[in-house]
Amino acid sequence: MAIVNGDPRVGIVHPIKMQDAFVTLASENLQALVEFYQGLLGQAPHRYIPQCYAEFVLRGLRLALFKPGDTQEFTGPAGSMSLCLEVEDLRGAIATVTKLGHAPPDDIIHASHGQEVYVYDPAGNRLILHQSSVP
Numbered sequence: 001m002a003i004v005n006g007d008p009r010v011g012i013v014h015p016i017k018m019q020d021a022f023v024t025l026a027s028e029n030l031q032a033l034v035e036f037y038q039g040l041l042g043q044a045p046h047r048y049i050p051q052c053y054a055e056f057v058l059r060g061l062r063l064a065l066f067k068p069g070d071t072q073e074f075t076g077p078a079g080s081m082s083l084c085l086e087v088e089d090l091r092g093a094i095a096t097v098t099k100l101g102h103a104p105p106d107d108i109i110h111a112s113h114g115q116e117v118y119v120y121d122p123a124g125n126r127l128i129l130h131q132s133s134v135p
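Residue 46 in UniProt numbering sits at position 46 of the sequence shown, and the numbers go up by one each step.
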């Protein structure tokens, strides 16, 4: 058993063997999400099943969008979950999401690690568009 933070009771007994990891977003209006992310990412979905599933493959991430069968499980605000996208040109990214009909509700936030802005996709999921100040 692994010891985590000095506590032998907290550990991994049988670690799972992962093939891959990806972020999934659920929405009753899947088509609106597909169109938003297609416009934002500048690419068509890698896999697409109309009214059911779409998957975008990005460098270091797979983003899966799906229409849930049981919507009660996915009701409520996004809470603390955010999809953070590191961008080269924050102002250009803001222009893109604005053209897609989802302008940021607030101004750019300036921090020691760079600048960022929050935007929301058609399903209300929070995205953080971040431009690093570190080259």
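Derived by calculation from the structure, the hints in this document are not laboratory data.
A portion of the hints provided could be inaccurate.
Unchecked claim - Lysine to aspartate or glutamate pairs mimicking DMTMM-like chemistry, simulated, CA-CA at most 20 Å apart: (1) K67 / E55; (2) K99 / E88; (3) K99 / E116; (4) K99 / E35; (5) K67 / E116; (6) K99 / D89; (7) K67 / D106.
Unchecked claim - Restraint ranges, calculated between C-beta atoms of paired labels, are given here: (8) E28 / R62: 16 to 26 Å; (9) V23 / V134: 32 to 42 Å; (10) Y120 / G92: 40 to 50 Å; (11) D89 / R126: 36 to 46 Å.
We put the CB at the ideal spot given by N, CA and C, even for glycine.
(message) Which constraints among the numbered hints does this structure fail? Numbers only, ascending.
(response) Hint check: 5, 7, 9, 10 and 11 fail, others pass.
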